[in-house]
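*Asks:* I would like the entire structure built from these sequences, with the hints used as guidance.
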Amino acid sequence: MSLQRFSIVLLLLIVTAFADSACTNKRELGNVLRTGIREKYKTLDPAHASDFYSHILSRRAYEGLVQYHYLKRPYALEPLLAESMPEVSKDGLTYTFRLKKGVYFQDDPAFGQGGKGREVVAEDFIYSFRRLADPRESSDGWWIFDGKIAGLNEWAEQAKRSGRADYGAPITGLVTPEKHTLIIKLTRPNPLILHVLTMPYANVVPHEAVERYGAEFGQHAVGTGPFRLDTLTPNQAIWLRNPSFHGQNYPTEGSPGDKEAGRLADAGKPLPFVDKIIDDIIIEDQPAWLNFMQNNHDYLSKVNKDNAGDIFDLNHKARQTISEQGIEVFTTPGIWFNYVAFNMEDPVVGGEKNKFLRKAMALALDEGPMIEKFYLGLATRAETPIPPGIGGYEPSYRNPSREYNLVQAREILAKAGHANGQGIPELVYDLKSDMTYRQIGEYFQRSMAELGIRVSLNTVSWPELLSRVRRKQAQIWGITWQYDYPDAENGWQLLYSKNESPGSNESNYKNPKFDALYEKIALMRDSPERFALFAKMRDIFAQDVPWIITVNQAETRLTHYWLHNFKIHQFEHNVEKYLRVDVATRAKALR
Amino acid sequence: MSVRASVGKSLWQDAWLRLRREKLAMICLGIIIFYALVAIFAKFGLIATPWDAEVAAAYAPPSMAGIKTIMGSDIFGRSVFYKVIHGTRIAMSVGLVTSIITIPIGVVLGALAGYFGGLIDEFIVWLYTTISSIPSIMLLVAFTYVLGKGIFSVYIALGVTSWVTLARLVRGEFMKHKTREYVVAAEAIGAGHAIRIFRHILPNVIHIVIINLSLQFQMAIKTEVILSYLGLGVQGQPSWGVMIDDAKLEMARGVWWQLTAATIAMSFIVLAFNIFGDALRDAFDPKLKMATMQSGKDE
Numbered sequence: 001m002s003l004q005r006f007s008i009v010l011l012l013l014i015v016t017a018f019a020d021s022a023c024t025n026k027r028e029l030g031n032v033l034r035t036g037i038r039e040k041y042k043t044l045d046p047a048h049a050s051d052f053y054s055h056i057l058s059r060r061a062y063e064g065l066v067q068y069h070y071l072k073r074p075y076a077l078e079p080l081l082a083e084s085m086p087e088v089s090k091d092g093l094t095y096t097f098r099l100k101k102g103v104y105f106q107d108d109p110a111f112g113q114g115g116k117g118r119e120v121v122a123e124d125f126i127y128s129f130r131r132l133a134d135p136r137e138s139s140d141g142w143w144i145f146d147g148k149i150a151g152l153n154e155w156a157e158q159a160k161r162s163g164r165a166d167y168g169a170p171i172t173g174l175v176t177p178e179k180h181t182l183i184i185k186l187t188r189p190n191p192l193i194l195h196v197l198t199m200p201y202a203n204v205v206p207h208e209a210v211e212r213y214g215a216e217f218g219q220h221a222v223g224t225g226p227f228r229l230d231t232l233t234p235n236q237a238i239w240l241r242n243p244s245f246h247g248q249n250y251p252t253e254g255s256p257g258d259k260e261a262g263r264l265a266d267a268g269k270p271l272p273f274v275d276k277i278i279d280d281i282i283i284e285d286q287p288a289w290l291n292f293m294q295n296n297h298d299y300l301s302k303v304n305k306d307n308a309g310d311i312f313d314l315n316h317k318a319r320q321t322i323s324e325q326g327i328e329v330f331t332t333p334g335i336w337f338n339y340v341a342f343n344m345e346d347p348v349v350g351g352e353k354n355k356f357l358r359k360a361m362a363l364a365l366d367e368g369p370m371i372e373k374f375y376l377g378l379a380t381r382a383e384t385p386i387p388p389g390i391g392g393y394e395p396s397y398r399n400p401s402r403e404y405n406l407v408q409a410r411e412i413l414a415k416a417g418h419a420n421g422q423g424i425p426e427l428v429y430d431l432k433s434d435m436t437y438r439q440i441g442e443y444f445q446r447s448m449a450e451l452g453i454r455v456s457l458n459t460v461s462w463p464e465l466l467s468r469v470r471r472k473q474a475q476i477w478g479i480t481w482q483y484d485y486p487d488a489e490n491g492w493q494l495l496y497s498k499n500e501s502p503g504s505n506e507s508n509y510k511n512p513k514f515d516a517l518y519e520k521i522a523l524m525r526d527s528p529e530r531f532a533l534f535a536k537m538r539d540i541f542a543q544d545v546p547w548i549i550t551v552n553q554a555e556t557r558l559t560h561y562w563l564h565n566f567k568i569h570q571f572e573h574n575v576e577k578y579l580r581v582d583v584a585t586r587a588k589a590l591r
Numbered sequence: 001m002s003v004r005a006s007v008g009k010s011l012w013q014d015a016w017l018r019l020r021r022e023k024l025a026m027i028c029l030g031i032i033i034f035y036a037l038v039a040i041f042a043k044f045g046l047i048a049t050p051w052d053a054e055v056a057a058a059y060a061p062p063s064m065a066g067i068k069t070i071m072g073s074d075i076f077g078r079s080v081f082y083k084v085i086h087g088t089r090i091a092m093s094v095g096l097v098t099s100i101i102t103i104p105i106g107v108v109l110g111a112l113a114g115y116f117g118g119l120i121d122e123f124i125v126w127l128y129t130t131i132s133s134i135p136s137i138m139l140l141v142a143f144t145y146v147l148g149k150g151i152f153s154v155y156i157a158l159g160v161t162s163w164v165t166l167a168r169l170v171r172g173e174f175m176k177h178k179t180r181e182y183v184v185a186a187e188a189i190g191a192g193h194a195i196r197i198f199r200h201i202l203p204n205v206i207h208i209v210i211i212n213l214s215l216q217f218q219m220a221i222k223t224e225v226i227l228s229y230l231g232l233g234v235q236g237q238p239s240w241g242v243m244i245d246d247a248k249l250e251m252a253r254g255v256w257w258q259l260t261a262a263t264i265a266m267s268f269i270v271l272a273f274n275i276f277g278d279a280l281r282d283a284f285d286p287k288l289k290m291a292t293m294q295s296g297k298d299e
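Just so you know, the sequences run in chain order D and G. What the first sequence shows, in the working numbering, is residues 1 to 591, in sequence order. What the second sequence shows, in the working numbering, is residues 1 to 299, in sequence order.
FYI, nobody ran anything at the bench for these hints, they're computed from the structure. A portion of the hints provided could be inaccurate.
Stated by the list, open to error - With a cut-off of at most 27 Å between alpha-carbon atoms, the simulated DSSO-like pairs for lysine-lysine come out as follows: (1) G/Lys248 with D/Lys317; (2) G/Lys68 with D/Lys373; (3) D/Lys588 with D/Lys536; (4) D/Lys302 with G/Lys248; (5) G/Lys248 with D/Lys40; (6) G/Lys176 with D/Lys373.
All values derive from a computational prediction rather than experimental measurement.
*Replies:* This is the structure:
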């Protein structure tokens, strides 16, 4: 046994030695970008790219009508395969897209003799959208159009009934008067439709390839994007520059700070910059970290909490060992926020009459130590459900219910006849059984003890927590919301009365004034008028305290110094085309 | 031949004499007594009270400045030393209460099965085979879900699931003893079943129970730590398991003292019980000493 084990170790050593020398040969890499993909991908078929990493990989090759601007914050949309942003009819129901001319699918044997890719026309989009609705495809992306496009649901129903999807049958909501114009008609006004059009689900695929490859289509990539698939194995994907790419130039404008960071040095230059991408699929955190640290990858896309200590010192500055290696640390406020939610139907903490209690509790919870203790300083205080980076975020706004003020909190309790927590029964705080959540719960418990309010912690599994919340059984709980799309509506809908449990308004908050405002902003696009309504909503939010909103957690990425133009983008994954590798510098560093 | 008037030593005296010669076993007994005293003192608030007060800044490293900070402080600035002491209280109480629940169940069921045999035996064997066929940690998790979380559920869950080994051993001993001459003699002079089981056979197998107790105890301590680590054990009280759970993230910051303190505290008591348990068995049954019987089978 031990001899066997010894020989395995020996074998491993030999293999590593060889692998290392193989790496040395590879050090003359050329213009290649090397990344670590942190999960097994499921498919490259955009219609099924529901998991994060399939999403990322499929976006190397596939494109849609619109995309998010790489540099602009708050996140802004720009045309990609469309010539310009669509014309929207007055009633907000009809979107007319004019397609860019001269966009070709990449060459592929699916296109018959010679395999030359053909031009993309509006009909291809209609085909791709229909695939989502096709019951036989049972696409994970159907929700993006379900009930939203006129006639598409009926078409899907018909397909289900007859057992065969008729791709030739007309759909009232998807029309193409000529081959470069696509008209989408909605069932009701929905400005968010443009956001879902950025998702891979809405990317354009050629029917020739789908038909030719059938079930194997997910192992191929026949898109219009900057890269084409060269090799795909379960552990690696290699992409080469697509010679027939329709072309896009590096953005000429960005957000404040981009110029200083050198992210506009390449302004106006044609994309992509790299000739090749090697995506290594590395699931475990530690090998991914080591691969990055040993210069095998050009950036690190996910930083494990435990490695945060290797990157940052206790003052949240990048450690000297990190900066000495020329590693650049990027952090950005996450598009999620954490909060302590109250069940507004609970007799003790809910409703109008217990507002004083919620407010006192909110004032007694100091998020400062939380940021230090639980997020290693990589978080900022949250004021409203609009995190930084989302349109309508106000950097200068301070939520009056979130100013830590123990004296005022005690006064509020005393005024309501509950001095020192008298007469308030023990509250129950539900939390996910996880170390950090438990510690946050303990912190909450200790903070409330300052007011004389007793809190017991109820540790439950994640599904159990959700089911308790959805059945309105929970009283107080700690939870996180991550934005699905960069529009503040996604945060406010958590408080809309019609979304009450089991919907997304898990607090069961109901306020007709708030509802009326929500219904207005849901149909608007970002504008000063819309932001003025947000201001009214956040005042109601601050006054009623349906949650104690705590922090916006930050995201961290690392890059090596030879990688240029890197910027964290939280919604757009079609970003490798913007990255430039300083090949000479890297070659020197790797030697 | 002169008859030497020898006063026979009882099994207990004999075992004690043998045990006393084992230096290591006596050190282990000392450690166990020490832990027990710490637990009792902590229980009655004589030492390390209150454990949840802030004694220093968060994550203060161990310092000799005072007894409270000798093992540093945790995320909320609480004394790690005090937490270890109260962790001892929890651990020892789990060991004790579990044993109090386990022993009567194991002894009675084992005795009944071994003594009567037949249908009763079959039923009891079926019962403990069923219980032991379920992975014990799954069973414990199921129990804590049904009973709710907290130290009470840990007591019950451990007590109800860990009598199997004891019942098996006792059953075997009873099967061996029930046909011995002294039992047949007792039957001949009219002793009933209950008398024969409890007055005649039981005193002759009780050493099995004692040996099992010491192994049972450390098993309960370990399980409590695992359950608390998984968030299914004690709630809102210090436990070695919770401390080790805390340490997961702390290690990345270089905060090693909480993990170290909890691990050392746990390993000493578990080791002491193991060595002492082995020594106990050798003392009670010297014949076994050379045999290659498996010792920690119940783990």
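*Asks:* So, for every hint listed, does it hold in this structure?
*Replies:* Results of checking the hints against the structure:
no., hint, verdict
1, G/Lys248 with D/Lys317, "22 Å, holds"
2, G/Lys68 with D/Lys373, "21 Å, holds"
3, D/Lys588 with D/Lys536, "57 Å, violated"
4, D/Lys302 with G/Lys248, "19 Å, holds"
5, G/Lys248 with D/Lys40, "26 Å, holds"
6, G/Lys176 with D/Lys373, "61 Å, violated"
Checked against the numbered hints given earlier, the structure breaks hints 3 and 6 and satisfies all the rest.
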